[in-house]
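Chains as they are written, first to last, in my numbering: chain A, -2 to 635; chain B, 6 to 260.
The hints are simulated quantities; they were obtained by calculation from the structure and are not laboratory data.
Hints may contain errors.
What the hints assert, rightly or not - With a Cα cut of at most 16 Å, we get these calculated EDC-like pairs of lysine to aspartate or glutamate: (1) A/K494 with B/E47; (2) A/K539 with B/E224; (3) B/K34 with A/D384; (4) B/K78 with B/D234; (5) A/K619 with A/D597.
To be verified - A short, non-exhaustive set of chain A residues, derived as facing chain B with CB atoms under 7 Å: (6) G128; (7) P130; (8) G137; (9) Q161; (10) G542; (11) A543; (12) L572; (13) Y602.
As the list claims (entries may be wrong) - Quick partial rundown of chain A residues pointing at chain B, CB under 10 Å, derived from the structure: (14) K81; (15) T234; (16) P471; (17) A475; (18) K493; (19) K494.
These numbers come from a predicted model, not from an experiment.
Just so you know, even glycine gets a beta-carbon here, dropped at the ideal spot from N, CA and C.
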Amino acid sequence: MELKSAIPPGPLAQKWTSAKFTNKLVNPANKRKFDVIVVGAGLAGASAAATLGELGYKVTCIVYHDSPRRAHSIAAQGGINAAKNYQNDGDSVHRLFYDTIKGGDFRAREANVHRLAEVSVDIIDQCVAQGVPFAREYGGMLDNRSFGGAQVSRTFYARGQTGQQLLLGAYSALSRQIGLGNVKMITRTEVQDIVVVDGKARGVVCRDLVSGKVYSLAGDAVVLGTGGYAPVFYLSTNAKYSNCTAIWRAHRRGALFANPCYTQIHPTCIPQTGDFQSKLTLMSESLRNDGRVWVPKKQADCAKPPGSIAEADRDYYLERKYPSYGNLAPRDISSRAAKEACDDGRGVGPGGRGVYLDFSEAIGRLGKNVIAERYGNLFTMYHEITDENPYDVPMRIYPAAHYTMGGLWVDYNLMSNLEGLFVIGEANFSDHGANRLGASALMQGLADGYFVLPYTIGNYLVPMMGKKVATDRPEFKAAEAEVADRTKKLLSTGGKKSAEAYWRDLGKIMWEKSGMARDAAGLKAARSEIAALREEYWKNVKVLGAGDEPNQALEKASRVADFFELAELMVVDGLAREESAGGHFRTEHQTEEGEAKRNDEEFSYVSAWEWKGVGAEPQLHKEPLVYEEVKLATRSYK
Amino acid sequence: MNVKLIVWRQKNPSTPGSMKEYEAKNIPKEASFLEMLDIVNEELIEKNEEPIAFEHDCREGICGSCGMMINGKAHGGFRTATCQIHMRQFQDGDTIWVEPFRARAFPIIRDLIVDRTAMDSVMQSGGFISAPTGCAPDANAIPIPKDVAEYSMDAAECIGCGACVAQCPNGAGQLFTAAKVSHLGLLPQGQAERYVRADNMVTTMEEYFGGCSNFRECEAVCPKSISTDFIARLNRDYLKAQFLPKKPSGKFKNE
């Protein structure tokens, strides 16, 4: 299989402009003749559904939530990047492009990233026009803050709830289109399969989560904006319902899965307190603008109250190791540094798995009020969860699974190798390489939905005019039957262990052997452990209740089943990538100082995996990464 | 710690439900309220009983999915989303009553899950600024005074959980609607549709929800501390809308 990335010819900065001109257009009167199915309504899905509706396409948007305002984009706290250069501090489209490529450890596609940087400025304009109440200066102009991996202030924010405000903006635009009848909204419904007819994605199989009814929808194109797969680790900062089902079923139908091993472990999360814990909570990276990260220099000091440890006995390890970026070193690097400090026996809090994030210096310098204005809601959240007041004692933080850079393979037009299947936002692999920079996920989700997909989808649709398929075709009926069978199977194992318990077991394997640091022996062991657990799962998972009524345990069991198969692919990919890059850190491949060591000669490519069956060896396809603009370099934040 | 739970169980929308008693044993006080329910549910599965269905997702107090009446109050009266309540806020040996949100506009789907689509309907009738993608001027073209942006943000923080409706003796949707109308109506870019928006959203709201009679129970349970001042603002905009010139169709002349 040849992977056609469809990158337009010409100089990097002209590619998107030329693509917009060469893409075929759908005549305004013809747009209503095309049915587009959008799955998911996070930042990517909601912005895409709204914009396609505005353009005149007939859109159906499907979510498993009760409302399109609940997707986990809403929990993003810190902000959204854009190359506005409002601070006059040397930012530009090119700098945002370069920072993102470098942040991704030179494993992302140049052309995609440049386009992302170009449209970033339009996103802020669009959001402001919709009424997103971004933070302002006293003069009424927009305020910015800094984020990891950048030396400019280009992050726009709305208190510590930026994701919420951006999603509500997209949800408003979507609500308007629903009210106007341009978008049909289907809630409490899960997409459980993608239907392929003559090699093209032509519809989806849905399961109504209230009645249990399984049915199909046909369309001219299917768009997946269903998010990432970090909950494969069980404990993650993602929402409890976040899952990989839609992208995984698409993968099983032929869509290639790219770079599954690139997962982001976020450095600043509230540490785990016990085995009962259901999720981990992120503390925004923006806190590192004013908070200083440290651990005691001496192991003996770890149990002492932090206030009693003298300044000279504290190791501000990020400032020490990375003086030019300091506490704003990128996420993968900060996470590994925290792990190192804790592995060295200098961690603090329960189990020694934590480091301090200390605001006392900033409170002294700026006053409590300024800190409260910047991070008030985050401090309140921390206080609610830990019962400790971060104004008085330093926060304790530890890394947690947060984001997945990998996802379905897409070309420059965001279409997967399965024609007619478009993948947007975190669900695709395209823009962040091996590590995503802070405040770039919101940027990518909205870029894809507002400004990229609406321009590229038409090019695919033009020749599809008048080629409708109906849901009574055998391909639809067969897919429906498979979905119904699977549900029946999950309900009838007669097993003894809950899906939640199996999910925890899987998460433990993934966190220990495919987490912040990986090696060949661990990954090999993980693969056989996952396979064994998966087989046991299908014989012994216990799902009570029926399939024709609301049944949350059944929904969970179906999602966990997909996590098993994906986990195996992540491990296979991690094992095949014999180098360290960004979030993928193979302990065999590190520099003397313990930094990630890439192998550009052999691994400067995108790994795109083809499904070959449960437990079978997946087939690797390589898309070479060609750098025309950027010179590959060792990433340094020192 | 050990607590006794008395929980509303209802199999589906058409089957009548009832209160059932459960023991929650050996719960760590650091556990969240929902994690306590997770533990109870795992034990129920062990005993071949169906787990208690409840809505939840982000568990960070922002998505607005979770919500239940705890001891008769929406989100337990802790002024936070249910997922942010922790067991240390209860005493060992407590009896805790857990019911779904109570409002005519929120029919029960199962156990503690209710249908809140009425709130989406209100939004679809006007909860937006009509600014299609691509038409926006530069983001700094209209300066917005910091205080205005902050005040708008105070209203925009609403997570759409429905606690305000559930707590209101009338099942009114005023605080929710007021939050949205104020968020957009306070901003310069929201002025063009300000009165049409208030008029349309209030009209839709009244189709589904009860009337407001200023009990202010909503404000007392709101996880985002949305102020009832916004309801006064909503009423002002709605009232003003009634005196603006309209066409015979009932629509505004500037539409």
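Status of the hints after comparison with the structure:
1. Taking the CA atoms of A/K494 and B/E47, the gap is near 9 Å; set against the 16 Å cutoff, the hint holds.
2. For a cut-off of 16 Å, the pair hint linking A/K539 to B/E224 is broken: about 42 Å separates their Cα positions.
3. Only pairs whose Cα atoms come within 16 Å are accepted, and B/K34 paired with A/D384 is accepted, the gap being roughly 11 Å.
4. As the CA atoms of B/K78 and B/D234 are separated by approximately 22 Å, the hinted pair breaks the 16 Å bound.
5. Our distance criterion of 16 Å between C-alpha atoms is met by A/K619 and A/D597, whose separation comes to about 14 Å.
6. Contact between A/G128 and chain B, as hinted, is supported at the beta carbon level, the nearest pair being about 5 Å apart and thus within 7 Å.
7. Using the Cβ-Cβ criterion of 7 Å, the hint placing A/P130 at the interface with chain B is satisfied: the shortest such distance is roughly 4 Å.
8. Interface hint at A/G137: satisfied, since its Cβ lies 3 Å from the closest Cβ of chain B, which is below the 7 Å cut-off.
9. The interface hint given for A/Q161 holds, since its Cβ lies 6 Å from the closest Cβ of chain B, which is under the 7 Å cut-off.
10. Below 7 Å, beta-carbon pairs count as interface contacts, and A/G542 has one with chain B at about 5 Å; its hint therefore holds.
11. The beta carbon of A/A543 is not positioned within 7 Å of any beta carbon in chain B (closest approach about 9 Å), and the interface hint is therefore violated.
12. Proximity of A/L572 to chain B is violated relative to the hint, the smallest CB-CB distance being about 33 Å (cut-off 7 Å).
13. Nearest Cβ of chain B to the Cβ of A/Y602: about 34 Å, over the 7 Å cut. The hint is violated.
14. With a cut of 10 Å, the hint placing A/K81 at the interface with chain B holds, because the nearest CB-to-CB distance is about 7 Å.
15. Look at A/T234: its Cβ gets to within about 8 Å of chain B, closer than 10 Å, so that hint holds up.
16. A distance limit of 10 Å between C-beta atoms decides the matter here; for A/P471 the minimum to chain B is near 33 Å, and the interface restraint is violated.
17. The restraint placing A/A475 at the interface with chain B is violated, with a minimum CB-CB distance near 29 Å, outside the 10 Å limit.
18. Taking 10 Å as the C-beta cut-off, the interface hint given for A/K493 holds, the closest approach to chain B being about 9 Å.
19. Interface hint at A/K494: satisfied, since its Cβ lies 9 Å from the closest Cβ of chain B, which is below the 10 Å cut-off.
Consistency note: the structure conflicts with the earlier hints numbered 2, 4, 11, 12, 13, 16 and 17.
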